[in-house]
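Using the sequences and the hints given, assemble the complete structure.
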Amino acid sequence: MKARLTLVLGGLAVAIAQMSCAQDEQMLLPKTVEAGSAFSIQSTGSGKATLYIVGLGQVLKRDVQLGETAFFPAESLISAGHYLVVLAGTSSTQNGSFDVLPTGKPANLSFLAKPSRLPVGLRGGITGAVYVFDDYRNLIAAPAQVSFELSNPTGPVQKRLVMTRNGAAWTVMDSTAQQGIDKFVARVDDVYSTRVVAQVPGDPCGLKMNAQQSGQQVRLVTDPVRDCSGNAIPDGTVVTFTEKYNGVQSTVDEPLKNGIAEVEMSAHTGATFSVASGIVMGNQIRWEK
Amino acid sequence: MLKSLLILATFIAASSVVAPAQASVRVESANLQGPRSLPEETGRAAIRDYLQSWQSLSAAFDQNRASLLDPEFVGIARDKLTETIQQQTALGIRTHYTDSAHDIQIVFFSPEGLSIELLDTVEYDVQVIDRNRVKTTQHVRAKYLIIVTPAELRWRVRVFQAEPE
Numbered sequence: 001m002k003a004r005l006t007l008v009l010g011g012l013a014v015a016i017a018q019m020s021c022a023q024d025e026q027m028l029l030p031k032t033v034e035a036g037s038a039f040s041i042q043s044t045g046s047g048k049a050t051l052y053i054v055g056l057g058q059v060l061k062r063d064v065q066l067g068e069t070a071f072f073p074a075e076s077l078i079s080a081g082h083y084l085v086v087l088a089g090t091s092s093t094q095n096g097s098f099d100v101l102p103t104g105k106p107a108n109l110s111f112l113a114k115p116s117r118l119p120v121g122l123r124g125g126i127t128g129a130v131y132v133f134d135d136y137r138n139l140i141a142a143p144a145q146v147s148f149e150l151s152n153p154t155g156p157v158q159k160r161l162v163m164t165r166n167g168a169a170w171t172v173m174d175s176t177a178q179q180g181i182d183k184f185v186a187r188v189d190d191v192y193s194t195r196v197v198a199q200v201p202g203d204p205c206g207l208k209m210n211a212q213q214s215g216q217q218v219r220l221v222t223d224p225v226r227d228c229s230g231n232a233i234p235d236g237t238v239v240t241f242t243e244k245y246n247g248v249q250s251t252v253d254e255p256l257k258n259g260i261a262e263v264e265m266s267a268h269t270g271a272t273f274s275v276a277s278g279i280v281m282g283n284q285i286r287w288e289k
Numbered sequence: 290m291l292k293s294l295l296i297l298a299t300f301i302a303a304s305s306v307v308a309p310a311q312a313s314v315r316v317e318s319a320n321l322q323g324p325r326s327l328p329e330e331t332g333r334a335a336i337r338d339y340l341q342s343w344q345s346l347s348a349a350f351d352q353n354r355a356s357l358l359d360p361e362f363v364g365i366a367r368d369k370l371t372e373t374i375q376q377q378t379a380l381g382i383r384t385h386y387t388d389s390a391h392d393i394q395i396v397f398f399s400p401e402g403l404s405i406e407l408l409d410t411v412e413y414d415v416q417v418i419d420r421n422r423v424k425t426t427q428h429v430r431a432k433y434l435i436i437v438t439p440a441e442l443r444w445r446v447r448v449f450q451a452e453p454e
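Sequence order for the protein chains is A and B.
Using the numbering used here, the first residue of the first sequence is number 1, and each one after it goes up by one.
Using the numbering used here, the first residue of the second sequence is number 290, and each one after it goes up by one.
Bear in mind the hints are in silico, worked out from the structure with no lab data behind them.
Please note that the accuracy of each hint is not assured.
Capping the alpha-carbon separation at 20 Å, the derived lysine to any residue pairs in SDA-like fashion look like this [stated by the list, open to error]:
#	chain 1	residue 1	chain 2	residue 2
1	A	Lys105	A	Val162
2	A	Lys61	B	His385
3	B	Lys424	A	Gly47
4	A	Lys114	B	Pro439
5	A	Lys48	B	Val423
6	A	Lys61	B	Tyr386
7	A	Lys61	B	Arg422
8	B	Lys432	A	Asn166
9	A	Lys183	B	Glu401
10	A	Lys114	B	Ala440
11	B	Lys424	A	Gly45
12	A	Lys61	A	Glu75
13	A	Lys48	B	Ile418
14	A	Lys289	A	Thr272
Derived contacts from chain A toward chain B, CB cut-off under 7 Å, selection only [unchecked claim]:
#	residue
15	Ala88
16	Ala141
17	Trp170
Beta carbons are placed, not taken as given, at the ideal position from N, Cα and C, and that holds for glycine.
Take a look at the structure:
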């Protein structure tokens with residue numbers, strides 16, 4: 001009985017001694033490290049140990065001498081995240097952790113602009129969203145000011161300043177009145193990303209045709225087809241001519257050529273001709289000759 | 290929306306009976322920035338797919354098989370996780386991640402609908418195994434910033450990064 005009690009007390013004493021030893025052996029860790037920066041970890045005690053730095057973004061392992069400082073040169077840890085530090089010696093293991101933070105300097109913008117092509121004069125028609133990354137592809141969550149600029153060669157520049165939240169910023173822009181190729185630029189400090197947005201004419205506006213006799217036919221010719229801002233509707237856009245006579249309807253689709261569409265249809269006195277393009281209706285003409 | 294997302298959390302907790310990890314999931318009401326409202330179904334799908342990605346991550350890091358990441362991760366996240374697994378392999382290390390709790394909030398739905406950003410305060414255990422010897426097991430609580438983007442059939446994790454709480 002006495003021998004067993006001695007054994008238990010002896011074991012307890014060893015355990016307490018190990019615990020106090022473990023408490024004495026403390027690592028000095030940085031709380032945070034900027035990605036790509038040099039850092040060091042200082043240990044206490046004596047003997048050899050293995051140092052592990054473990055995260056989802058990187059893993060390091062190094063043999064160290066307890067009581068010395070382990071230096072990690074620049075770019076040892078470049079991936080932002082939470083890292084565990086394990087110092088495994090022969091008799092004890094010490095644990096700790098620290099965070100690797102993105103560098104404060106933006107280096108890359110992930111810029112999504114939509115759409116790449118849209119009609120002129122559309123309010124809120126263009127959207128842009130940006131995520132800001134550092135040189136090591138870490139998302140910079142700290143607020144940064146993003147400048148969005150939409151410009152075309154002739155019109156005024158639209159500009160918005162937006163602060164990022166959790167690394168993201170967005171904006172909405174109007175398409176301008178003039179057709180053409182616009183540059184949509186997102187900029188943070190001296191880093192920028194450019195997208196091209198093609199602004200095309202809108203729907204035809206004030207579609208009008210004229211009719212004249214052409215032998216036994218009627219020749220129907222539109223005026224130059226334009227949108228409401230005066231931009232020419234592109235060649236190839238289909239214009240539909242319709243003739244109604246005695247309950248019979250005839251339709252001809254004609255693409256725009258050189259900005260106009262023309263067609264010849266049967267000349268029936270009392271016939272009605274109409275013109276349309278897509279959902280836009282033009283004028284009607286009643287043929288009386 | 291919160292109600293249905295909490296139902297999702299219950300569903301995930303219930304379905305985890307057959308899964309290796311039994312993470313509890315809490316979904317906070319969305320605190321969205323962006324001009325678009327987030328359809329309820331879309332939010333549910335993004336969170337469901339993100340939570341599944343932890344299963345892939347755990348298996349990939351435990352087995353040092355980066356290919357297990359492919360269905361759930363893409364872009365930067367996949368590149369970085371793959372590199373880490375390669376480092377583990379080279380060093381003879383394995384890590385076992387077991388997520389136990391998630392507290393998720395959707396914070397951004399991009400205007401064109403092609404990305405969703407989540408914040409997740411995750412609790413998980415990490416076991417570090419060096420040449421089949423467990424070196425430590427630690428409980429971690431960390432805030433993660435996640436960006437998911439749509440693929441053919443699911444949302445995939447494109448950015449996966451821990452931030453200081």
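Now the hints, each set against the structure:
no. : hint                 : verdict
1   : Lys105/A to Val162/A : holds, 17 Å
2   : Lys61/A to His385/B  : holds, 17 Å
3   : Lys424/B to Gly47/A  : holds, 17 Å
4   : Lys114/A to Pro439/B : holds, 16 Å
5   : Lys48/A to Val423/B  : holds, 18 Å
6   : Lys61/A to Tyr386/B  : holds, 18 Å
7   : Lys61/A to Arg422/B  : holds, 15 Å
8   : Lys432/B to Asn166/A : holds, 12 Å
9   : Lys183/A to Glu401/B : holds, 18 Å
10  : Lys114/A to Ala440/B : holds, 18 Å
11  : Lys424/B to Gly45/A  : holds, 19 Å
12  : Lys61/A to Glu75/A   : holds, 15 Å
13  : Lys48/A to Ile418/B  : holds, 19 Å
14  : Lys289/A to Thr272/A : holds, 12 Å
15  : Ala88                : holds, 5 Å
16  : Ala141               : holds, 6 Å
17  : Trp170               : holds, 5 Å
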